[in-house]
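Trainee: For the protein sequence lines, the chains are A and B, in the order given. Residues in the first sequence are numbered from 137 upward in steps of one, following the working numbering. Residues in the second sequence are numbered from 359 upward in steps of one, following the working numbering.
Because the hints were derived from the structure by calculation, they are not lab data. There could be a bad hint or two in this list.
As the list claims (entries may be wrong) - Here chain A is said to cover these stretches of chain B; the calculated rule only asks that three of the stretch's residues, wherever they fall, bring their Cβ under 8 Å from a Cβ of chain A:
| hint | segment |
| --- | --- |
| 1 | 364-371 |
| 2 | 375-384 |
| 3 | 390-396 |
What the hints assert, rightly or not - Estimated spans, in silico, between C-beta atoms of each pair:
| hint | chain 1 | residue 1 | chain 2 | residue 2 | range |
| --- | --- | --- | --- | --- | --- |
| 4 | B | S371 | A | A282 | 22 to 28 Å |
| 5 | A | P151 | B | V378 | 30 to 36 Å |
| 6 | B | A390 | A | H337 | 31 to 37 Å |
| 7 | B | F374 | A | A271 | 22 to 28 Å |
| 8 | A | A288 | B | A390 | 20 to 26 Å |
| 9 | B | R393 | A | I162 | 27 to 33 Å |
Glycine is no exception: its CB is placed at the ideal position from the N, C-alpha and C atoms.
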Amino acid sequence: MSPNQGVHPAPVQSPRARLTVRVVGIAAAVGVALTVWLGLWVTPPDQVQGNLVRLVYLHPGVAWVALYLAFGLAAVASLLYLWPRTRSLFWDRLAAAAVEVGVVFNVCTLISGSIWGKPTWGVYWAWDARLTSTAVLLVLFLGYLALRRVPAEPEVRAKRSAFVALFASVDVPIVHFSVLWWKTLHQGATVLNPDLSPTIHGSMAWTLLLSFVALSLVFVWMLLVRYRIGVLEDWLGSGELDVALRERQAEGMIDDEDEAA
Amino acid sequence: MGYVVAGYSIVLSILFLYGVQLAWRRRRLTRAVERVAASEVGHDGQAGGR
Numbered sequence: 137m138s139p140n141q142g143v144h145p146a147p148v149q150s151p152r153a154r155l156t157v158r159v160v161g162i163a164a165a166v167g168v169a170l171t172v173w174l175g176l177w178v179t180p181p182d183q184v185q186g187n188l189v190r191l192v193y194l195h196p197g198v199a200w201v202a203l204y205l206a207f208g209l210a211a212v213a214s215l216l217y218l219w220p221r222t223r224s225l226f227w228d229r230l231a232a233a234a235v236e237v238g239v240v241f242n243v244c245t246l247i248s249g250s251i252w253g254k255p256t257w258g259v260y261w262a263w264d265a266r267l268t269s270t271a272v273l274l275v276l277f278l279g280y281l282a283l284r285r286v287p288a289e290p291e292v293r294a295k296r297s298a299f300v301a302l303f304a305s306v307d308v309p310i311v312h313f314s315v316l317w318w319k320t321l322h323q324g325a326t327v328l329n330p331d332l333s334p335t336i337h338g339s340m341a342w343t344l345l346l347s348f349v350a351l352s353l354v355f356v357w358m359l360l361v362r363y364r365i366g367v368l369e370d371w372l373g374s375g376e377l378d379v380a381l382r383e384r385q386a387e388g389m390i391d392d393e394d395e396a397a
Numbered sequence: 359m360g361y362v363v364a365g366y367s368i369v370l371s372i373l374f375l376y377g378v379q380l381a382w383r384r385r386r387l388t389r390a391v392e393r394v395a396a397s398e399v400g401h402d403g404q405a406g407g408r
């Protein structure tokens with residue numbers, strides 16, 4: 137008998153799910169292309185920042201995805217896994233997928249911020265509250281990904297990963313409010329400020345909004361693909377575990393036969 | 359403008375490469391699952407013939 141037979145049927149993706157992933161992927165690519173075109177060629181330079189304002193169509197978008205979409209989703213999914221009524225490995229896989237994609241966007245946030253910081257502040261990096269708390273967030277979620285690689289039963293891994301994700305997520309509001317709580321080099325929020333009155337207008341505002349939508353679509357596409365990878369890995373992994381267990385059982389039976397003989 | 363071009367190039371390259379890596383991982387794992395599922399069908403056929 138083969139490892140997965142009768143235990144877990146092979147995870148087959150429905151044609152509708154495949155189509156959804158494809159449509160989201162195409163929409164994301166078109167959205168990013170439009171953002172780049174508007175951001176680099178159509179929108180005017182800023183009166184104060186000049187052409188550097190064009191990085192604003194990239195940096196807040198990737199930060200939005202990393203902090204609020206990815207790590208926010210990871211926190212909610214982890215909470216739903218720990219809640220006994222909603223406990224399911226679906227939430228664990230979703231959290232893992234969100235964190236991996238979020239880490240990539242977090243790296244992009246730090247890089248794009250540093251590139252904007254050099255001509256604006258004169259340095260690539262400053263131990264500013266916003267920058268430091270964002271870097272701490274990256275380290276915390278890298279720890280989460282490292283923890284997931286420690287061999288364990290899926291339920292054990294899911295439980296301890298969920299606790300770590302919730303612990304790490306405490307840093308998300310710290311990053312968000314850092315510009316209000318401490319004196320920082322980093323400017324305050326342009327859109328999500330306490331008054332909820334955006335300080336950007338016209339084609340610049342529309343391009344910024346488009347960048348948020350486009351990068352959110354990129355996140356959704358990556359999340360769907362990464363989730364699917366988790367499903368396939370778990371299925372193959374469970375098969376390998378079954379094979380190992382059967383091999384051990386077979387060895388035990390041979391030993392028993394030898395002793396009886 | 360050099361910083362702007364560098365920022366866009368680096369960030370979009372990272373996202374593109376990660377996306378390609380995800381698609382490649384999914385394809386590789388899908389093929390592996392298909393191989394295992396196909397071998398199971400083979401085992402079933404043998405078991406049924408005995």
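Trainee: Now tell me, hint by hint, if it's right for this structure.
Mentor: Outcome of the hint check:
1. 364-371: Check passed, 6 qualifying residues.
2. 375-384: Check passed, 6 qualifying residues.
3. 390-396: holds (count 5)
4. S371(B) <-> A282(A): 22 to 28 Å: holds, 25 Å
5. P151(A) <-> V378(B): 30 to 36 Å: violated, 23 Å
6. A390(B) <-> H337(A): 31 to 37 Å: violated, 52 Å
7. F374(B) <-> A271(A): 22 to 28 Å: holds, 24 Å
8. A288(A) <-> A390(B): 20 to 26 Å: Hint holds: Cβ distance 22 Å, inside 20 to 26 Å.
9. R393(B) <-> I162(A): 27 to 33 Å: holds, 29 Å
Violated hints, listed in ascending order, are 5, 6; each of the other numbered hints is respected by the structure.
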